[in-house]
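**Q** Given these sequences and hints, build the entire structure.
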Amino acid sequence: MTNLALSPLGPMFDPSAPPERIGLPVDGRLDVVIVDSIDWLESEGNYVRVHANGSIRLVRTTLTSLWDRLGTLMFRQVHRSIVVNVARVVAVRPVGNGDCALMLTSGEELRMSRRYRDGLLSMFR
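Numbering (my numbering), first residue to last: 1104 to 1228.
None of these hints come from the bench; they were simulated from the model.
For clarity, every value in this text was computed on a predicted model and none was experimentally measured.
Using N, Cα and C, we set each Cβ at its ideal position, and we do this for glycine too.
Be a bit skeptical, because a hint or two may be false.
[As the list claims (entries may be wrong)] Pair ranges (Cβ atoms, derived):
no., residue 1, residue 2, range
1, Arg1124, Thr1208, 12 to 22 Å
2, Arg1132, Asp1202, 29 to 39 Å
3, Val1135, Asn1200, 39 to 49 Å
4, Glu1123, Asn1200, 37 to 47 Å
5, Gly1131, Asn1200, 35 to 45 Å
6, Gly1131, Arg1228, 23 to 33 Å
**A** Here it is in structure tokens:
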């Protein structure tokens, strides 16, 4: 158990808590992004497209690695190549064969495969 009062980073630091900000290496610089502002992540081989605040950053990392850094409580996998910020989902619409479409606060629509459907929908019940 971590003793928060003796932490060298201050009394409120909890290393087990998900981060509020995350550093993303982009084009030779480190972009600091507020985790709550991330809408969704999209895998593209050994890269991840981070969709946040209406912009897209291409980061050289794997989807699993970045998802682990963000914490899995706020983010859920909805497709083999997509992880979504659950707080950004405003509607879920069936599209056939058990698949669904997710509507985000940004107006974007993402495909959710049936394999991940129950895991996401259980968060809204």
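**Q** Against this structure, judge whether each hint is valid.
**A** Hints versus structure:
| no. | hint | result |
| --- | --- | --- |
| 1 | Arg1124 to Thr1208: 12 to 22 Å | holds (20 Å) |
| 2 | Arg1132 to Asp1202: 29 to 39 Å | holds (38 Å) |
| 3 | Val1135 to Asn1200: 39 to 49 Å | holds (40 Å) |
| 4 | Glu1123 to Asn1200: 37 to 47 Å | holds (38 Å) |
| 5 | Gly1131 to Asn1200: 35 to 45 Å | holds (43 Å) |
| 6 | Gly1131 to Arg1228: 23 to 33 Å | violated (45 Å) |
Comparing the model with each earlier hint shows a violation of hint 6 alone; every other hint is respected.
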